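Given next are the chains, with one letter for each unit.
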Amino acid sequence: TQLLEQSPQFLSIQEGENLTVYCNSSSVFSSLQWYRQEPGEGPVLLVTVVTGGEVKKLKRLTFQFGDARKDSSLHITAAQPGDTGLYLCAGPRTGANSKLTFGKGITLSVRP
Amino acid sequence: GAVVSQHPSWVICKSGTSVKIECRSLDFQATTMFWYRQFPKQSLMLMATSNEGSKATYEQGVEKDKFLINHASLTLSTLTVTSAHPEDSSFYICSAMAGPNQPQHFGDGTRLSIL
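These protein sequences, in sequence, are chains A and B.
Read in order, the letters of the first sequence are residues 1 to 112 in our numbering.
Read in order, the letters of the second sequence are residues 1 to 115 in our numbering.
Treat the hints as calculated values from the structure; they're not laboratory data.
It should be emphasised that the depicted structure is a prediction, and the values quoted were computed from it without experimental measurement.
Yeah, the Cβ is synthetic: ideal placement off N, Cα and C, and Gly gets one too.
Be a bit skeptical, because a hint or two may be false.
What the hints assert, rightly or not - Distance ranges between label pairs, derived from CB positions:
(1) A/R60 <-> B/K41: 19 to 27 Å
(2) A/P39 <-> B/E87: 20 to 28 Å
(3) A/N24 <-> B/S18: 24 to 32 Å
As the list claims (entries may be wrong) - In silico PhoX-like links for lysine-lysine, alpha-carbon gap of 25 Å or less:
(4) B/K64 <-> A/K99
(5) B/K14 <-> A/K99
(6) B/K55 <-> A/K104
(7) A/K57 <-> A/K104
(8) B/K55 <-> A/K99
(9) B/K66 <-> A/K99
(10) B/K41 <-> A/K99
(11) B/K64 <-> B/K20
Let the hints inform the model, and build the full structure from the sequences given.
Here is the structure:
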């Protein structure tokens with residue numbers, strides 16, 4: 001079973017602080033995706049990482065895929081209240097016809 | 001591009017009612033759609049995979065007679081919660097893919113509340 005463990009589960013920080021959150025697995029994934037979901041809405045894809053060791057930047061968000069393709073991290077610089085939301089990582093299930101396995105998510109709250 | 005629309009966004013109904021939720025891909029043809037269920041502050045749990053023109057495949061533990069899925073066209077899949085009860089109250093989200101190895105595009109979800 002491919003499980004994705006996300007940590008920390010909850011995070012509350014002050015505006016302007018930096019943070020890093022994690023998505024870990026004992027299984028190798030061909031790719032990992034990060035989504036942000038706001039209350040009452042569907043998840044929105046932020047990034048897909050494919051190559052081991054890959055780093056992708058999206059404005060103040062930096063995503064890294066582990067060398068062994070078993071883990072990923074998301075670093076946010078100078079967090080803003082608009083970054084508040086549920087951050088989900090997901091990876092394709094092996095041999096499962098495009099199905100995704102999701103982590104349990106990280107609830108981030110950025111206080112003004 | 002790649003917009004997925006869900007309707008309704010919110011529904012409240014009495015116990016025993018059947019409720020239909022629609023998922024439409026607005027600007028692309030979706031060979032595959034997925035239906036998820038999400039409880040508050042929790043992750044998405046895949047319920048079933050919907051393929052156009054064929055029967056849906058359900059995840060283990062999901063009752064196919066309870067959650068009826070119809071994927072009648074390349075732009076529309078429907079989920080019907082039959083004889084809904086309070087324990088069926090949840091946030092239901094669909095996603096659609098244009099083809100294999102393509103990203104999933106998610107709808108904005110449907111909040112279902114059964115009284």
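Problem - Hint check against the structure, violated hint numbers in rising order - result: 3, 5, 6
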